[in-house]
Amino acid sequence: MQAAFATLSAIHRHPVKALGAEILAGADLAAGLTLPGDRAWALAHEKSRFDFDAPAWTRCTTFLRGATFPSLMAVTVAAGPDGALTFRHPEAGEIVADPASPAGEAALIAWVDRLIPAHAPRPARLAPCPERGMTDNPNPWLSILSDASLAELSARAGVAPDRRRFRGNLWIEGAAPWAEFDLPGREIRLGGAVLRVRERIERCSATQADPETGRHDVDMLGLLEKGYGHKDFGVFAEVISGGPVAPGDKLEIAA
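Following our numbering, the numbering of the sequence shown begins with 149 at its first residue and continues without gaps.
Some hints here could point you the wrong way.
To be verified - Distance ranges between label pairs, derived from CB positions:
#: 1; residue 1: 195; residue 2: 370; range: 26 to 32 Å
#: 2; residue 1: 197; residue 2: 151; range: 33 to 39 Å
#: 3; residue 1: 266; residue 2: 173; range: 24 to 30 Å
#: 4; residue 1: 364; residue 2: 207; range: 19 to 25 Å
#: 5; residue 1: 266; residue 2: 364; range: 15 to 21 Å
#: 6; residue 1: 227; residue 2: 279; range: 15 to 21 Å
#: 7; residue 1: 249; residue 2: 346; range: 34 to 40 Å
#: 8; residue 1: 396; residue 2: 270; range: 42 to 48 Å
#: 9; residue 1: 402; residue 2: 276; range: 32 to 38 Å
#: 10; residue 1: 174; residue 2: 195; range: 36 to 42 Å
In short, the hints are calculated from the structure, not lab data. Ideal placement from N, C-alpha and C gives every residue a C-beta, glycine not left out.
Throw the hints in and build the complete structure from the sequences for me.
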């Protein structure tokens with residue numbers, strides 16, 4: 149029996165791209181797809197060329213994102229039983245909206261508009277991408293990030309560890325810091341699923357904003373470059389055999 153490499157500590161889903169993370173008690177992964185419901189919506193700005201008549205994955209620059217608007221990094225989200233989402237922000241307050249309804253879309257756009265600088269393109273429409281998610285990577289992969297790496301990096305930065313900086317899907321604990329960088333090219337078993345780890349994740353400036361305030365507080369990219377010689381944090385993985393996963397599941401190296 150292969151010894152456990154790590155344990156799944158948390159599952160994060162981001163229903164609307166750049167607008168907060170929802171913590172899940174479990175998820176059913178499907179082969180060839182991203183985490184179910186992750187980035188199922190993305191907020192296109194008024195200069196976006198997203199094709200609403202034939203919606204499909206599109207580059208992140210088409211949408212509002214934390215790298216461009218750090219204030220969005222302070223948004224939190226929680227799902228209700230009726231499909232509505234509760235969004236909160238320390239400056240904009242709270243709103244409950246169902247992105248799938250025209251009224252919910254309009255209300256969310258108006259709420260987010262308050263968080264965008266006056267000179268910037270305005271939020272315009274919610275772009276749907278429910279099947280594979282409007283993730284930053286053109287491949288339908290999900291991300292695996294390490295609590296140990298986060299703790300070490302946060303200590304170097306002099307900030308409290310906060311998973312929300314890195315918008316990850318599957319968080320693991322029990323492995324040594326940065327041990328996840330040994331996984332690309334390997335197959336792993338997690339709960340009822342099998343994944344192949346593909347590559348490391350190069351990070352953007354969204355990581356430099358404090359998730360509590362939405363303001364830049366640390367040069368995370370510079371810290372990574374100076375301390376480790378790269379700007380990477382976490383790894384991408386492809387689901388090759390689907391199944392249920394939940395916190396507490398062991399991550400084992402299969403091949």
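Consistency of beta-carbon spacing, residue 151 to residue 197, with hint 33 to 39 Å
violated, 49 Å
Range hint compliance [Cβ, residue 266 to residue 364, 15 to 21 Å]:
holds, 19 Å
Distance restraint evaluation - residue 266, residue 173, Cβ atoms, bounds 24 to 30 Å
violated, 40 Å
Distance restraint hint 19 to 25 Å, applied to the beta-carbon atoms of residue 364 and residue 207
23 Å Cβ-Cβ, so the 19 to 25 Å window holds.
Given the hint of 15 to 21 Å, is the C-beta distance from residue 227 to residue 279 inside that range or not?
The hint (15 to 21 Å, Cβ to Cβ) holds, given that residue 227 and residue 279 are roughly 19 Å apart.
Does the beta carbon distance between residue 195 and residue 370 stay inside 26 to 32 Å, or does it fall outside?
holds, 30 Å
Please check whether residue 249 and residue 346 have a Cβ separation lying inside 34 to 40 Å.
For residue 346 against residue 249, whose Cβ atoms are near 36 Å apart, the range 34 to 40 Å holds.
Using the C-beta atoms of residue 174 and residue 195, is the stated range 36 to 42 Å upheld?
Holds, since residue 174 and residue 195 (Cβ atoms, about 39 Å apart) stay within the stated range.
Can you tell me whether the CB distance of residue 396 to residue 270 sits inside 42 to 48 Å?
Hint holds: Cβ distance 43 Å, inside 42 to 48 Å.
Looking only at beta-carbon atoms, does the pair residue 402, residue 276 fall within the given range of 32 to 38 Å?
holds, 34 Å
Violated hints for the displayed structure, listed by number in ascending order: 2 and 3.
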